[in-house]
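Dock chain B against the given chain H, drawing on the hints supplied.
Protein sequences, first through last, are from chains H and B.
No gaps in the numbering here: position 13 of the first sequence is 13 in our numbering, and each next residue is one more.
Each number in our numbering comes from the position in the second sequence (counting from 1) with 1000 added on.
No wet-lab data here; the hints were simulated from the structure.
Keep in mind that the hints are not guaranteed to be accurate.
[What the hints assert, rightly or not] Pulled a few chain H residues facing chain B out of the computed Cβ check, cut under 10 Å:
{"hint": "1", "residue": "P18"}
{"hint": "2", "residue": "G20"}
{"hint": "3", "residue": "T23"}
{"hint": "4", "residue": "G27"}
{"hint": "5", "residue": "T47"}
{"hint": "6", "residue": "R83"}
{"hint": "7", "residue": "E87"}
{"hint": "8", "residue": "V88"}
[Unchecked claim] Computed spacing ranges between beta-carbons, pair by pair:
{"hint": "9", "chain 1": "H", "residue 1": "L2", "chain 2": "B", "residue 2": "P1233", "range": "49 to 59 Å"}
{"hint": "10", "chain 1": "H", "residue 1": "H190", "chain 2": "B", "residue 2": "R1040", "range": "41 to 51 Å"}
{"hint": "11", "chain 1": "H", "residue 1": "E193", "chain 2": "B", "residue 2": "R1027", "range": "56 to 66 Å"}
[What the hints assert, rightly or not] Far from chain H, some chain B residues (derived; all Cβ distances over 12 Å):
{"hint": "12", "residue": "V1054"}
{"hint": "13", "residue": "S1101"}
{"hint": "14", "residue": "G1122"}
{"hint": "15", "residue": "E1135"}
{"hint": "16", "residue": "H1160"}
{"hint": "17", "residue": "P1169"}
{"hint": "18", "residue": "E1173"}
{"hint": "19", "residue": "L1175"}
{"hint": "20", "residue": "E1176"}
{"hint": "21", "residue": "V1177"}
{"hint": "22", "residue": "S1179"}
{"hint": "23", "residue": "A1185"}
{"hint": "24", "residue": "V1192"}
{"hint": "25", "residue": "H1214"}
{"hint": "26", "residue": "D1238"}
{"hint": "27", "residue": "S1241"}
In this text, a Cβ means the ideal position worked out from N, Cα and C, and glycines have one as well.
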Amino acid sequence: MLPHPEFAAMLLADGRLPVGGHTQSAGLEPALLGGLEPRDIPDLITTRLRTVVLVDAGTAVVARHRTMAGLPLDDVQLAWAARTPSEVVRAASIAVGRGQRRLAQRLWPGSAAASALAPLRAPARPVAVGSMAAAAGLDGARTARLVAYDDVQSLCAAALKLCPLDPAETTEWLLHAGPGVEAVVVAVAHLTEPDGIPALSAPLLEQWQHAHPTHPRRLFSA
Amino acid sequence: MSTTAVTVSTHTEVRTARVGLWPQDGRCRLELANGLVAPRVIRHDATTAEVSLVATTATLLGGDVLRLAVEVGPGLRLDLRDVAGTVAYHGRGLGCVVDVSLRVHEGATLTWAAEPLVVADGAEVTRQLRVDVAEGGRLLLRDQVALGRSGQDGGRLDCHTTMTYAGRPALVEHLEVRSGLAPGALGDARVVDSVTSLGWRPETPAGHTAYRLHEPGALSRQLLTQSHASTLPDLWDDWTSQLPPI
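So that you can see chain H by itself, here it is in the shape it has in the complex (with noise of 0.2 Å):
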C-alpha cells in the first residue's frame, strides 16, 4: 500500500534518510573554498535553484514518468549525464544515487522502480530519487519540490558547520527560498521526456565542484 503522498514526501526529504545525504553540501563548501563570501550563501542559493537544481529538478520527475509507465532510465541518465559535464560533479552525484537505490530496493522491493533502477550501472541522485519518488507515489510535483528542497536545506545545514551563523537564519534562508523552489515545480513537474530536462549552467559552480577533492581539508564529499 502506498504511504500517504505527504507522509511520503516528509520522509522522503528527511535529512536522517540513511543515504549519505549528510556527506553533501550541495555545493556550498566547494564555493567557499573558491572564494565565495559568506554573506553571498543566499544569493549562491538562488543561482543553484535557477540552474543545476533545475537540471536536477527536471531529470528526477522525468524519472518517475519514465518509472511509473514501466520504461528503462537509460536515457534519462543520458540526459542528466550530457547536462554534468564534470567527472567530479557527475561521480559525486552518483555516490549518493547508489545509496538512494539500495533504499529504494529495500523499501520498496518488487516494485517498477526497483526493476527500474537496477540495471543501471551509476545510477545519477536524480534519478534514483525521481524513481523512488513513483515508489512512493510521490507526483510530478511533488517530486520536484522534494529534489529542490533537499538541495537548499542540504545546503543550510552545511553552512552550519562551515560558517559561524545561528541555525535560525539558516532557516530563514530555506523559508525564503520557498518562492524560487517553487518556480523549479512549475518549470519541470509536467516534464516527460529527456530532451526537455532543462540544460541551464552555472559555470563558476562547477568549476569550483570540480577543483573540490584537490583541496586538502574538506568536510564533505561534495
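Frame of chain H; chain B shown alone:
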C-alpha cells in the same frame, strides 16, 4: 504578444552559409554557399580542406539571423577558421540569432578555432549550436563569447548547445551570459572561453583542467575578465597536435 519580448524580424531573408566536404572519386569535393558569412578556401587536397569564414555584412544587427551549416563527409578532414571575431551590435529592440549546425561523419575530423562573439550593449543574442558527431568522428572546437566592447557592460546572450556522439547526448547546455547574474554563475567574468573535443579524449597537458564528458570527449573552459588572459590557445595547440592523421 508581450510588448517587452524581443522579436526577431521574419522579413529578413535568411540564407544559410554552407561548408560541406564530401568524398568524390577518391578525392574530395567542397560544397560552399554564402550567407551572412562567406567561406573562402585556403587549402584543398585529396582528403582535407582548410576554409576560412569571412563576414559579408556588418554583422550582427537586430533582426539578423546568421545560419551556418558545416558537414564533413566520411574519412575527410576540414579545418575551419574565422577571419575575425563577430560583434553583435545594439539591436534597437530586435534580437539576433546565430544558428550553427556541425555534422561530422564516420571517421571524419572537424576543427574550428572560432573567434570571439562579442555582445555589445543593447544586443540580445540567441545562439543555437547543434553538433552531431558520428561514431569514429572527431571534433575539436574553440568557442569564445564576450560581454561588451571595451568600456561596456554588454547585452544578453543565451547559448543553447546540443552535442551528440553516435546519436547519444554528449553535452547539452543552456549558458546565460550577461552582467549581474547571481554568485556562482559567471563571477566577475566577461569572457567564457571553451575548447571542446568530441569523439575522442585528448590528454590534458599540465597546468590545464578539462572535464571528462561521459561520452568520449572533454571540455576545458576558462572564465575571464580579459580575453587575452586565456591560456586556451596553448591547449588548442596541444590538442590539435594529438589529432591522429586522416
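Hint numbers contradicted by this structure: 1, 2, 3, 11, 16, 17, 18, 19, 20, 21, 23, 24, 25
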